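Go ahead and model the full structure; you've got the sequences and the hints to work with.
Residue numbers (our numbering), protein chains in the order written: chain A, 1 to 359; chain B, 1 to 504.
These are computed hints drawn from the structure, not numbers from a lab. Note that the coordinates shown come from a computational prediction; the quantities given were computed from them, not determined experimentally. Backbone N, C-alpha and C define an ideal beta-carbon position, used for all residues, glycine too. Don't take each hint at face value.
Now the in silico label distances, taken between C-beta atoms and shown as ranges [stated by the list, open to error]:
| hint | chain 1 | residue 1 | chain 2 | residue 2 | range |
| --- | --- | --- | --- | --- | --- |
| 1 | B | Gly323 | A | Val13 | 34 to 44 Å |
| 2 | A | Leu62 | B | Pro335 | 26 to 36 Å |
| 3 | A | Ala351 | B | Leu321 | 52 to 62 Å |
| 4 | A | Glu345 | B | Leu321 | 19 to 29 Å |
| 5 | A | Ile119 | B | Leu294 | 39 to 49 Å |
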Amino acid sequence: MTNNTLVKMGIVVLTLILAGCVPHNIINEVSLMHNVGYDKEDEMLKASVVYPNYAESDNPVLITAAAKNPSSLQEELSHKSQFPFEIGQVRVMIFGDQLSRDGLASILDPICKDPKIGIVRIVITDGTPDLILSKTLNESPLFLMNLIDKSIENEGIPESNSHVMYDQFFGSGIDMSFPNLTVDSKGQIKVDGMGIFKGEKLALRISEKETFLLKLMTDKNKMGVYSFDLNMHGHKANIGVRTNYGKHKVKFIKENLREQVRVSLNLDVELDALPEWINLEDEKDLKLFKTALQKSISNDAELLLKDFQTNGVDPLGIGRVYKANHRNYSEKSFYDRIYPNMTYEVNTKIAVRQTGVGN
Amino acid sequence: MIKEKNNLNPTENQTPAEIVKRAKKSSDFKEIQKNVSGVQIFILYFTSLIDHKTMEHVFLPYINECEKKTGQAFDINQFKNSLPLEDIIRTKEATEIEEKIHQGYVLIQFENNLDDFLLVNVNNLSKGIRESNETENEFNVIGPKLGFVESLDTNILLLRTKVKSPLLTTEEIVMGTLSKTRVMIVYLDGITNEQHIENVKKRLSEIDFDIIFDTSALVQLIKGNSYTPFPLYFSSERLDRISYSLTSGQVVIFSDGSPYAVSGPTTIFDFFLSSEDYYYNWIIGSFFRFTRILAIIFSIFSSAIYVAVMTFHYEVVPADLLGPLIESRANVPFPPLLEVLFLEMTIELLREAGARLPTKVGQTLGIVGGIVIGQAAVMAALTSNILLIIVALAALASFTTPAIVMSNTIRILRFPFIIMSSFLGGLGIMIGFAVLLCHLFKLKSFDTPYMVPLHPFRSNSLADSIIRSPYDKLNKRPDFLRPKDKIKYSPKESNKKKEDINDE
Numbered sequence: 001m002t003n004n005t006l007v008k009m010g011i012v013v014l015t016l017i018l019a020g021c022v023p024h025n026i027i028n029e030v031s032l033m034h035n036v037g038y039d040k041e042d043e044m045l046k047a048s049v050v051y052p053n054y055a056e057s058d059n060p061v062l063i064t065a066a067a068k069n070p071s072s073l074q075e076e077l078s079h080k081s082q083f084p085f086e087i088g089q090v091r092v093m094i095f096g097d098q099l100s101r102d103g104l105a106s107i108l109d110p111i112c113k114d115p116k117i118g119i120v121r122i123v124i125t126d127g128t129p130d131l132i133l134s135k136t137l138n139e140s141p142l143f144l145m146n147l148i149d150k151s152i153e154n155e156g157i158p159e160s161n162s163h164v165m166y167d168q169f170f171g172s173g174i175d176m177s178f179p180n181l182t183v184d185s186k187g188q189i190k191v192d193g194m195g196i197f198k199g200e201k202l203a204l205r206i207s208e209k210e211t212f213l214l215k216l217m218t219d220k221n222k223m224g225v226y227s228f229d230l231n232m233h234g235h236k237a238n239i240g241v242r243t244n245y246g247k248h249k250v251k252f253i254k255e256n257l258r259e260q261v262r263v264s265l266n267l268d269v270e271l272d273a274l275p276e277w278i279n280l281e282d283e284k285d286l287k288l289f290k291t292a293l294q295k296s297i298s299n300d301a302e303l304l305l306k307d308f309q310t311n312g313v314d315p316l317g318i319g320r321v322y323k324a325n326h327r328n329y330s331e332k333s334f335y336d337r338i339y340p341n342m343t344y345e346v347n348t349k350i351a352v353r354q355t356g357v358g359n
Numbered sequence: 001m002i003k004e005k006n007n008l009n010p011t012e013n014q015t016p017a018e019i020v021k022r023a024k025k026s027s028d029f030k031e032i033q034k035n036v037s038g039v040q041i042f043i044l045y046f047t048s049l050i051d052h053k054t055m056e057h058v059f060l061p062y063i064n065e066c067e068k069k070t071g072q073a074f075d076i077n078q079f080k081n082s083l084p085l086e087d088i089i090r091t092k093e094a095t096e097i098e099e100k101i102h103q104g105y106v107l108i109q110f111e112n113n114l115d116d117f118l119l120v121n122v123n124n125l126s127k128g129i130r131e132s133n134e135t136e137n138e139f140n141v142i143g144p145k146l147g148f149v150e151s152l153d154t155n156i157l158l159l160r161t162k163v164k165s166p167l168l169t170t171e172e173i174v175m176g177t178l179s180k181t182r183v184m185i186v187y188l189d190g191i192t193n194e195q196h197i198e199n200v201k202k203r204l205s206e207i208d209f210d211i212i213f214d215t216s217a218l219v220q221l222i223k224g225n226s227y228t229p230f231p232l233y234f235s236s237e238r239l240d241r242i243s244y245s246l247t248s249g250q251v252v253i254f255s256d257g258s259p260y261a262v263s264g265p266t267t268i269f270d271f272f273l274s275s276e277d278y279y280y281n282w283i284i285g286s287f288f289r290f291t292r293i294l295a296i297i298f299s300i301f302s303s304a305i306y307v308a309v310m311t312f313h314y315e316v317v318p319a320d321l322l323g324p325l326i327e328s329r330a331n332v333p334f335p336p337l338l339e340v341l342f343l344e345m346t347i348e349l350l351r352e353a354g355a356r357l358p359t360k361v362g363q364t365l366g367i368v369g370g371i372v373i374g375q376a377a378v379m380a381a382l383t384s385n386i387l388l389i390i391v392a393l394a395a396l397a398s399f400t401t402p403a404i405v406m407s408n409t410i411r412i413l414r415f416p417f418i419i420m421s422s423f424l425g426g427l428g429i430m431i432g433f434a435v436l437l438c439h440l441f442k443l444k445s446f447d448t449p450y451m452v453p454l455h456p457f458r459s460n461s462l463a464d465s466i467i468r469s470p471y472d473k474l475n476k477r478p479d480f481l482r483p484k485d486k487i488k489y490s491p492k493e494s495n496k497k498k499e500d501i502n503d504e
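Here you go:
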C-alpha cells in the first residue's frame, strides 16, 4: 500500500471520527411540538407548548414554563420534558395579548436566527395562549395549523406566516399584522380579525370584515365573503358576496399639494344567496346592485384606511409604494409628515361571474 | 511481485514421440493400429474429444477400405487427399500436434515415415454444450429471445446471421496458459476506430493468465482501473444488444466457453439501455428508460435519505407524515443506521440465497423471506413499517437495471451512502455524492471517458442517452467513439402533407 493511499484513508477515518461531534436528533427521541405560545406574565416570559405525543398514543400534554429571557425559557421547557426540546417542527406560534402590547422583538429575534424553523404561522390572541392551546388538546395535533391555513386560503384572512413577517418586520414602509385567535362563548377556537402592529408593538385590532378588506387591498388571493346592507326597491337586506378573483393597485396621486392614495379594486364576485326581489337578469337591477356593492366596499375600505391613518399604522405598505415612486424617501419623515395628511380614494369595480344554479 | 515465466508449457523442445508418450498417460487417449498397403499406421486420439459418428461412419470405414487395397504402394499425399474429411493437416511440428490433439484431431503416424504426421479433424464442438440459446438473465418482453451460448463458433454464427456484412471482421487470439481459450475480437472494419481495436488487442496480448473461465473474468484482466465498483465494459448475452454495440462502433470480445460477449468502450448510459427500448415506440421507450434512471437514483439514495432525516433533519418531515413516522419508529430500539443496515442485509441475504437456489425453491424463498421475515421484523419492532417499504422499493428499483453488473454496483453503492448519512446527515450524502461524481468523471473505458456525453458534454450524442429519440434521429453513430463512418443510415424525409383527418 502506498503512502498516498494511507493518507487518503486517514482523511476518511478522521472525517468519520470527527463527525461524531454532530448532534443526533433521532426523530422519536426528541420532543417535537407543533404549537408554541408565548406570553408575558409579571415581567416573566412564559411559554406554553403542546407535545403531540405521537409515540405513545396518549393525549397530548400542555407544558408551560416561565423565565426571564428566551434562552432560559428553552432550558426550563426541557426540564419538564422526557426528551430534548426541539423547535424544528413548530407550525404555529401564538403570542399572548400582554406580550404583543409590550413588544415581540425579544422573541422574534431568536426565531429569525434559527435555521431549523421553517414556515411558521404566527398569530396573536386576545387572551392567553394557554387558553387556546388547552382547547386544542382534544383535536388533532395539526388542528391550529390547518385552521389558519384554511382561513388564509379561502376565508378572508391575508397571507400571514413567518416569511411575510420577516418582510413586514424588517422591511421599511410596512407594518406587521397577524391573525387573531379567540375562544368564543361556546369554548371553540375561532379566527377573529387581525392585530396590526406598530413596530414590534400591537397597536390596533380590526374586525373580521375589516380584515377581509385589508386582504382585498394587499393579497393576490382574494377569496372571502363580504357582507353589506343593501337598500333597493324599498327592500332592505344583508347580503353576502363571495369574491373569487381580483386585482388591486395602489397609486399615489398629487392633488392640491396633498398626496392622495388611490386604490383601485377589480373584483370578480359570486352571488349565491340573493333575495327574490333582485332579478339579476334585469340589466337595471344588476346595475343598481353593482353600484351599491361597489359603493359599500369603497366606503368601508376608505374608512379602514383612515382608521389606520389615525392610529399611525400602515399594514398596507403604502410607505413602500411611496418609496418606489419618490427618490428622497425616509421612513421617519414619511410617517411623521406625509402619512397623517394623506387622503384616500378607493375605486371598486365589480364583475359578477357566478350566480349559482338557483338564480 | 516479480513476473516469472511459467514453465507449464512443456511442448517446447519436445519431440512428437514424447508428446504421444505424455498423452498416453491419460486413460482416454486411444491408439488403433492398422495396416495400409503394407505400412503400419497408428491412429491416436482422445476419445473424449472426437465425434464418434464421424469416426465410425467416415474415418474408420475409409481406413478399412484402404486396408483391403493391398496392390498399391503407400503414399502419404495420396492418402491425405483421398481422405473424405475437410480439415487434414500434414505437419512435423510438435507444438502443433500437441495443440491439435487436444482440440479433437486425430493424429496419424506412419511406420515408414516417423517424422511426418497427419492431423485429421473429427472434433465435435457442440458436444457438451447446452442446446437452448434463449436469453436467461437479460429478459425482454418483446423482441428476439436469442442469446449466446458457451460455444464460440455458435456465437460467431449467430452474429454473422444478424450482421451479414463483409465489414464484420473477427480476429482470434489464444489465451490462457492452461485453458488455451480462443478469444475473438469482433469489429466492423472501416467503421470502428482502429485505435480502439489496437487498444483491445494490446491489452489482450498483455494478459498472462492460466484459465479464461468467462469473458467477465477477462474484462477484469483488461480493466484499466480495478479500484472501481463500476463495470467499465458492457457485457451482455443478448444477440441484439451486442449487434447494436457493434454497429455503433464498439469492439466486441467473445471467448470460447462464455455465453457473455463484452463490448467497449462503453459509457455509463450503455448500462441503462435495454434493447426493448428500441422495440417500443420512442415515446414509450423513453419513458421506460427515464423510469429506469429515476429508479437507480431512488435506489441509491432512498435509504440514505431515510437515515439522514431520521437521525438529523427531523425539520424536513412534512407535518402530516410526522405522526406515522414517529409511531412506526416508536418501539424500534436501534438507531436508524442499524435499523436500515439490518433490513438492507436481510434483502441482500434474500437475493443471494435466491440466486444460489434452484428456481422452484427460489420462489418459495421469495415469499418466505419477503412476506414472513418482513412482517415479523415489523411486528417484533426491529424495523419500522415505513422503512420496510423504502428498502423493499429500493431493492426493487435496483433490479430495473438491464445489465446485471450495473445493478450489483448500485446495490453496493447504497452502503457507503447509508454510512455517510448516519455520520453527517444530508451533508454526508452530499459529500458522498461529490466523491462519487469525481470518481465517475475520472473513469475511462478503453481511454474513452466513462461519463460522456455528460462530461465531456456532447450535445449531439444526447439523442440516445436519457431519452431514446425516434429512429430518424438515431442515424448517427456516437461521436465519442470516433467511428470512421458517422452515418448509420439515412432516413427519408417524410412528406408532410397536411391532410384532413377525414380524407379517406
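Hints numbered earlier in the text: which of these fail when held up against the supplied structure? Violated hints: 3, 4 and 5; rest satisfied.
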